[in-house]
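*Asks:* Given the sequences, and given the hints that come with them, work out the whole structure.
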Amino acid sequence: MYNASLLRVALIYVATRAVAEDVVQETWIGVLNGIDRFEGRSSLKTWIFRILTNIAKTRGQREGRTVPFSALERPDAVPEAAVDADRFLPPDHERWPGHWASRPEPWPEERLLAAETRAVVERAIEELPPAQRAVISLRDIEGWSSEEARNALGISETNQRVLLHRARSKVRQALENYLTEAQ
Amino acid sequence: MSASIEQLSCRELVELVTDYLEGALPARERDSFEHHIEGCKGCHEYVRQMRETIELTGTLAPGDISPEAEAALLSAFRDWTSR
Numbered sequence: 001m002y003n004a005s006l007l008r009v010a011l012i013y014v015a016t017r018a019v020a021e022d023v024v025q026e027t028w029i030g031v032l033n034g035i036d037r038f039e040g041r042s043s044l045k046t047w048i049f050r051i052l053t054n055i056a057k058t059r060g061q062r063e064g065r066t067v068p069f070s071a072l073e074r075p076d077a078v079p080e081a082a083v084d085a086d087r088f089l090p091p092d093h094e095r096w097p098g099h100w101a102s103r104p105e106p107w108p109e110e111r112l113l114a115a116e117t118r119a120v121v122e123r124a125i126e127e128l129p130p131a132q133r134a135v136i137s138l139r140d141i142e143g144w145s146s147e148e149a150r151n152a153l154g155i156s157e158t159n160q161r162v163l164l165h166r167a168r169s170k171v172r173q174a175l176e177n178y179l180t181e182a183q
Numbered sequence: 001m002s003a004s005i006e007q008l009s010c011r012e013l014v015e016l017v018t019d020y021l022e023g024a025l026p027a028r029e030r031d032s033f034e035h036h037i038e039g040c041k042g043c044h045e046y047v048r049q050m051r052e053t054i055e056l057t058g059t060l061a062p063g064d065i066s067p068e069a070e071a072a073l074l075s076a077f078r079d080w081t082s083r
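Heads up: the protein sequence lines correspond to chains A and B, in order. For the first sequence, the numbering used here assigns the number 1 to the initial residue and increments by one for each residue that follows. For the second sequence, the numbering used here assigns the number 1 to the initial residue and increments by one for each residue that follows.
FYI, nobody ran anything at the bench for these hints, they're computed from the structure. These numbers come from a predicted model, not from an experiment. Do not take every clue at face value.
Calculated Cβ distances over 12 Å to all of chain A for the following chain B residues [unchecked claim]:
hint, residue
1, A27
2, R28
3, S32
Now the in silico label distances, taken between C-beta atoms and shown as ranges [stated by the list, open to error]:
hint, chain 1, residue 1, chain 2, residue 2, range
4, B, G58, A, A77, 27 to 33 Å
5, A, E126, B, E55, 16 to 22 Å
6, B, G58, A, P106, 17 to 23 Å
C-beta: ideal position from N, C-alpha, C; glycine also.
*Replies:* Structural data, given as structure tokens:
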């Protein structure tokens with residue numbers, strides 16, 4: 001059921017897909033072994049993801065990987081713009097500082113539905129930094145609420161939103177690049 | 001572009017889109033956000049594209065794990081159920 005998302009979350013903490021798959025497998029074993037202790041204080045899926053993150057963190061540490069906690073806990077530390085600065089007029093523009101210099105144009109409806117367009121979205125998500133990829137997977141692919149996502153990842157509401165914002169902004173940009181390039 | 005949208009620049013607005021869609025903007029900022037997109041073609045389109053992006057992402061099938069991992073998992077599950 002949640003395997004793809006479990007994998008993406010595991011990849012925040014471990015370096016390779018193979019290790020992430022191990023972590024997912026260990027998680028299910030942990031779930032099976034611990035199900036008697038599940039007390040229903042959180043939702044079952046949140047509980048499963050907490051088991052996963054614990055296993056993945058331990059595994060990542062054992063591999064000597066510096067766990068990018070900052071990506072989860074201080075995503076604001078490194079500023080990132082949703083849209084390139086050169087799409088806007090400069091801040092010292094006499095009439096319209098910070099307004100669009102080249103504004104977004106409507107996307108052709110029929111191409112939005114094409115399989116290739118979906119592939120562009122998939123690729124853009126795969127290329128995201130792990131924490132952003134995990135959040136957009138839980139929220140927009142799995143359709144979780146923000147509360148479920150932040151509980152599973154153990155992050156604040158604000159940080160969850162920052163990561164989601166960056167992820168969605170980049171996917172939008174990838175779509176724009178693809179849909180507006182010459183045919 | 002009219003004078004009424006000068007308060008919030010387009011460059012600032014694109015950074016507030018997720019807060020807006022998540023219902024996390026305080027009332028006053030939400031009003032000025034909505035006021036801006038009513039009068040600004042570029043930002044109106046930008047917000048629409050963000051909604052389209054979210055919708056499109058939602059159509060992706062959650063991918064499967066590799067066959068090897070699935071086999072290992074199934075065998076672990078069988079061990080567990082036969083305990």
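*Asks:* Run every hint past the structure and note whether it holds.
*Replies:* Against the structure, the hints come out as follows:
Under the 12 Å C-beta cut-off, the non-interface status given to B:A27 relative to chain A holds; the minimum distance is some 18 Å. The beta carbon of B:R28 is kept farther than 12 Å from every beta carbon of chain A, the shortest such distance being approximately 19 Å. No Cβ of chain A comes within 12 Å of the Cβ of B:S32; the nearest lies about 14 Å off, and the non-interface call holds. The beta-carbon spacing between B:G58 and A:A77, approximately 30 Å, falls within the hinted interval of 27 to 33 Å.
Between A:E126 and B:E55 the CB atoms are about 19 Å apart, so this pair conforms to the stated range of 16 to 22 Å. In this structure the hint that B:G58 and A:P106 lie 17 to 23 Å apart at CB holds, the actual value being about 20 Å.
Checked against the numbered hints given earlier, the structure satisfies every one of them.
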